[in-house]
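Visitor: All chains should be built: construct the whole structure from the sequences, respecting the hints.
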Amino acid sequence: MNGIWLDFERPIIELEKKIEELKGIDGVEEEITRLKAQAEKLKKRIYSNLSRWQRVQLARHPRRPLALDILSVVTNDFVELHGDRRFRDDWAVVSGIAKLDNVSVTIVAQQKGRDTKEKIKRNFGMPHPEGYRKALRVMKMAAKFNMPVITMVDTPGAYPGVGAEERGQSEAIAVNLFECATLPVPIIVLILGEGGSGGALALALGDRILMLENAIYSVISPEGCASILWRDASRNKEAAEALRLTAQDLAQFRIIDEIIPDPVGGAHMDIDKTAKNIKEALLKHVQQLLEIPAEELISSRIKKYQNMGVYSE
Amino acid sequence: MWFKKKVEAKPEEKLKLPTGLWVKCDTCGEILYRKELEKNLWICTKCNFHFRINCRNYISLLLDDAALDEQDKDLEALDPLGFQDYKKKLRDDQEKTGLKEGVVYGFATIGGIGVVFAAMDFRFRGGSMGSVIGEKIARAIRAAREKKIPLIILSTSGGARMQEGIFSLMQMAKTSAELALLAQDKVPYISILTNPTLAGVMASYGSLGDIIIAEPGAELGFTGSRVIQQTIGEKLPEGFQRSEFLLEHGMVDLVVSRKDLRNTLIKILTIISKRG
Ligand SMILES: [Zn+2]
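Chains A and B are the protein sequences, given in the same order. So that you can map any letter, position 208 of the first sequence is 208 in this note's numbering, and since no number is skipped, the others follow by simple counting. So that you can map any letter, position 65 of the second sequence is 65 in this note's numbering, and since no number is skipped, the others follow by simple counting.
No lab work stands behind these hints, which were simulated from the structure alone. Keep in mind that the hints are not guaranteed to be accurate.
Stated by the list, open to error - So the derived list for chain B, only partly shown, Cβ under 10 Å to chain A, looks like this: (1) Leu61; (2) Asp74; (3) Gln163; (4) Ala203; (5) Phe240; (6) Leu247; (7) His249.
None of these values were measured; they are calculated from a predicted model. Don't be surprised by glycine CBs; every beta carbon is placed ideally from N, CA and C.
Guide: Here it is, written out as structure tokens:
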């Protein structure tokens with residue numbers, strides 16, 4: 001087991017501890033089998049009734065697979081391409097070209113970082129304008145060479161800093177949305193962990209929006225929502241409920257197209273299995289989208305966004 | 001005077017600015033005589049601070065005969081998330097402003113040149129962008145594309161309409177996608193940024209103008225300065241995220257006083273749309 005547990009997983013750990021203790025003792029095999037069955041049942045019950053806040057916790061789990069963990073399983077021959085050709089290389093965004101089975105694809109992904117050192121280098125997955133501009137540069141190259149784009153979204157948000165503002169954080173996000181709307185190649189978006197607001201959306205305008213079962217995608221973080229609404233960031237659980245930010249919510253709202261199942265307990269419980277599920281979904285959608293002529297692709301992409309919104313007339 | 005002619009506004013729809021004979025400037029603290037301030041288009045005579053004015057005021061200020069042939073005025077927000085108190089807040093703002101939502105748009109002429117004009121209104125939920133604003137902006141863009149006439153959007157927004165959750169976020173994508181089509185058809189779009197324009201609006205149509213004009217001293221940016229200050233824990237540079245700061249960093253084309261806004265628009269529209 002992985003050593004990092006969330007509060008709501010306590011009953012499962014306790015049961016598994018008990019099983020561990022019994023191991024090696026003679027004559028308790030039957031008891032162990034019984035407890036194991038009980039643990040499985042418990043897991044199913046807990047993980048199939050997750051609250052929205054619990055899914056937020058899973059989406060931010062310290063062991064959750066990051067974009068590079070998934071990429072290394074899903075693609076072959078990944079060649080990372082660096083820099084926006086204007087200012088610098090932003091490590092919060094990883095971009096490059098690779099093979100998805102026999103299809104050449106372009107990859108744009110947000111990478112939070114695993115240990116402290118990597119987290120700092122990658123700015124916790126919070127891009128500066130350069131990150132968005134690097135992504136766009138590589139996506140334009142994808143259009144030039146007629147390669148589908150796969151984006152992976154995992155960010156708390158665009159970085160809130162002085163330099164980011166000076167260099168046009170808003171403009172960088174806006175231009176990505178503007179350009180992606182008419183990019184003449186398929187764009188498949190995968191919400192991997194945290195889809196934090198405009199900083200996520202800048203890499204999330206596409207033909208298909210896929211989302212891992214325990215990922216979240218929201219206009220504002222639960223903490224941000226709670227502190228604006230109730231001036232109390234600790235009411236994040238209530239805010240998570242109110243915001244309807246889970247994959248299940250967004251599928252119901254028809255904002256996303258498909259939920260990719262997580263292994264029981266979350267994506268981190270079995271990264272290979274998670275990656276396999278992702279690869280299957282990506283291949284299916286890439287193949288479907290490659291059949292569609294560019295003009296039709298663009299017009300149905302735009303129509304998809306034209307239909308997003310709820311109002312009365 | 002610029003509160004004139006065809007403004008349909010009832011008197012109480014005029015500026016919800018401080019009542020009374022005297023008004024204190026938020027920036028320099030000067031006590032100003034209300035009548036003078038009104039005559040000066042709500043610009044502080046001492047420090048040039050531009051007081052916030054509403055969408056009807058801008059219609060009077062910028063459009064020929066203060067006339068807007070308003071479209072889709074009955075679009076109203078729903079409550080897709082069932083968010084606590086949202087319906088009540090919408091009703092309150094509707095009563096307060098006489099508007100159904102935080103943006104109006106329609107057809108107008110400026111200096112005799114036909115345009116599609118949209119103006120947001122900060123009084124309505126702080127100009128936050130929900131489904132109705134996104135949809136009306138999208139329709140304004142489509143109208144400009146269909147008629148092949150210039151589009152002008154005057155923005156003011158505190159950020160996302162949190163109570164509409166993901167639908168609010170998607171309006172950024174929706175409006176930017178419409179603007180991509182407008183650009184393909186080579187129809188001009190002028191974006192006017194007023195105090196404040198932040199977050200989702202700034203990171204979509206606010207920043208996508210062929211020409212971007214800002215009112216002096218407006219707060220413009222992606223993340224609000226309070227959040228940035230909390231994140232970096234140090235003092236922000238002087239004038240950070242003000243119009244003049246954005247001009248210096250190459251993010252807007254012009255900073256134009258409210259007094260010169262109409263004339264500037266006429267000049268630009270004439271050059272762009274009457275190419276000889
Ligand atoms: Zn003043």
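Visitor: Can we keep the histidine 249 of chain B interface hint, with Cβ of chain A closer than 10 Å?
Guide: Interface hint status for histidine 249 of chain B: holds (5 Å vs cutoff 10 Å).
Visitor: Verify the interface restraint on leucine 61 of chain B: the C-beta must sit less than 10 Å from at least one C-beta of chain A.
Guide: 25 Å, violated
Visitor: Report holds or violated for the interface hint on leucine 247 of chain B, using the least CB-CB distance to chain A and a cut-off of 10 Å.
Guide: 12 Å, violated
Visitor: Given alanine 203 of chain B was flagged as interface, is its beta-carbon under 10 Å from a beta-carbon of chain A?
Guide: 4 Å, holds
Visitor: If you take the shortest Cβ to Cβ gap from glutamine 163 of chain B to chain A, is it below 10 Å?
Guide: Constraint on glutamine 163 of chain B satisfied, holds at 8 Å.
Visitor: Less than 10 Å between beta-carbons is the criterion; does phenylalanine 240 of chain B satisfy it with respect to chain A?
Guide: 7 Å, holds
Visitor: Hint aspartate 74 of chain B vs chain A: min CB-CB distance below 10 Å?
Guide: Holds - the Cβ of aspartate 74 of chain B comes within 10 Å of chain A, reaching about 6 Å at its closest.
Checked against the numbered hints listed earlier, the structure breaks hints 1, 6; every other hint is satisfied.
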